[in-house]
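Participant: Below are the chains, spelled out letter by letter.
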Amino acid sequence: MVDDPGSGAPLLSLRSVGKTFSNGVAALDDVSLTIGEGDFISLLGPSGCGKSTALRLIAGLSSPTIGTVEWHKQLGSDCVGFVFQEPTLLPWANVFDNIWLPLRLKGMSRRQAEPAIRDLLDRVRLSGFDKAMPRELSGGMKMRVSIARGLVTRPRLLLMDEPFAALDEITRFRLNTDLLELWREERFTVVFVTHSVFESVFLSNRVVVMAARPGRVFRELDVAAPYPRGEPFRTSPEYAALCRETSDVLGEAIHLNPGAGDDGH
Amino acid sequence: MTAIEARPGIVLDAEERRRLRGARAERIGRWVLPVAIMILAIGLWDRICVWNEIPQYILPRPGVVLQTLWKDAVLLFGSLMVTLRITFLGLALAVAGGVGLAVLFTQSKWVEMSLFPFAIVLQVTPIVAIFPLINIYVDNQTAKLLLCSWIVAFFPILSNTTLGLNSVDRNLIDLFKLNGATRWQQLWHLRLPAAMPYFLGGLKIAGGLSLIGAVVAEFVAGAGGQSSGLASRIIEAGYRLNAPRLFAALFLISVTGIVIFLVLTLVSHLILRRWHESALRQER
Ligand SMILES: Nc1ncnc2c1ncn2[C@@H]1O[C@H](COP(=O)(O)OP(=O)(O)O)[C@@H](O)[C@H]1O
Ligand SMILES: [Mg+2]
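Protein chains in written order, with our numbering: chain A, 1 to 265; chain B, 1 to 284.
Worth flagging that the hints you see were computed from the coordinates, not collected in a lab.
Check the hints yourself; a few may be wrong.
Okay, the calculated bits of chain B under chain A, using three or more residues with CB under 8 Å as the criterion [as the list claims (entries may be wrong)]:
| id | stretch |
| --- | --- |
| 1 | 162 to 172 |
| 2 | 175 to 187 |
| 3 | 262 to 276 |
From the three backbone atoms N, C-alpha and C, an ideal C-beta is built for every residue, glycine too.
Modelling step: build the complete structure from the supplied sequences, incorporating the hints.
Facilitator: Below is the structure:
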């Protein structure tokens, strides 16, 4: 088993990408970034530095003002999965139907989709909850459903926009470990947006620190800790040192323009 | 519904016991109080008639009204059926027209911008003022009444459904786009279900309104003496100073309105109870 993620061939590149909204806000300016197959990349930065905008550009939900988003392999749009900050489930549909949704939109019947969904329910530790309605679930469980829905199309690339920001710490830690496990088993690529230094270091093999006004890549840091990373890693001195290093860089990025964190987004 | 009774073997402190008693009392009071007040009011009505020796053609005693309801049952219930037919057909058309227009509006902002003002004009103009026009242009009696009932009832459905279709989570729309959903899929799997609570809220209002629309239309049309709905019974009874029948007809209309409201509330509850906040029991 190859334990060196990010060694894969490049999956996609942002080339000098800029995005200016019609209200004049330059959300991104001259962002260049290459994402390798199998990477777990975190975009780390203060609010308003264009992290969500970058994800939407990668997903093709929005197009760059300047520059290009280039895929190195010919992949259809269904090769991208998206997980939002809120679980954003269909409140009128049960867990099973929520996970089925992306396949259903592609014309797959319940019967055809069932094996994949059962398997995923198992992997996100929700077996037995297929009939439950979203409002009957805790925040962490809803997020697990959302992740399962993001993975049900077996995407090559999973985009996650601060998915665990609204969860309590205990739940977040569990989801972090479970997500890493899923990623190592399925070997998809992840771009993970967060404003938590600890989360980004724990999860990713590369942290992209961003600065605001205009949003840009401030520095890229390799996280040279081997996988698998479990709970022992969380308390290791190695982890603490990596967090301090990353935190310092983030501090520099924020101090470039103080007040950038007050955006409220 | 969750049980309010404490499970046996659980020891409660004074505060929790008080709360339990309060909840129990509230549950009973919710039904008993209005019924008690109603009985009290009817009793008082009866006494006032007797004490003041009010003649029957001015204010009949409640018992007399009830007798009339029984005596004239064939006539009154026959008329009720006529009114109900218009009411339900009007409501059905309002649902079809309101939802149909709302769906059209969400398909194109331009259509919404162009047409919505007309819907408002139709809504704010009093129906009795429009009716003479309808009377001129429409020949068929049923069509006249239906048109009236429809105009009164369709707006809450249109405006509520439009609001509901447009208040879909942006992220969910992105999710649909990301998965290559067609417009039709977006409508069917996302916008329509999301609009359901709004639509049902509009439907509850429209149910009552279509009854009002039907009765008002009959009133205005009934001046010509062609209609046979409840309104024409009321007009007729008014001419003949037959107050007991007038009250009986009025009673039927009110009860019908209440029943329509209760049925629509129940329907709404049954549809929403598994997922929507409004159908959840208030926890304190
Ligand atoms: N659709 C939009 N129209 C106008 N401005 C936007 C839009 N989306 C984001 N912005 C602005 O772009 C900047 C970056 O936003 P965003 O990518 O959401 O940042 P982040 O996710 O890092 O908090 C913010 O200042 C935000 O107000
Ligand atoms: Mg964001």
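Participant: For each hint, tell me whether it holds in the structure or not.
Facilitator: A quick look at each hint next to the structure:
| no. | hint | verdict |
| --- | --- | --- |
| 1 | 162 to 172 | holds (count 3) |
| 2 | 175 to 187 | holds (count 8) |
| 3 | 262 to 276 | holds (count 3) |
Taken one by one, the earlier hints all hold for this structure without exception.
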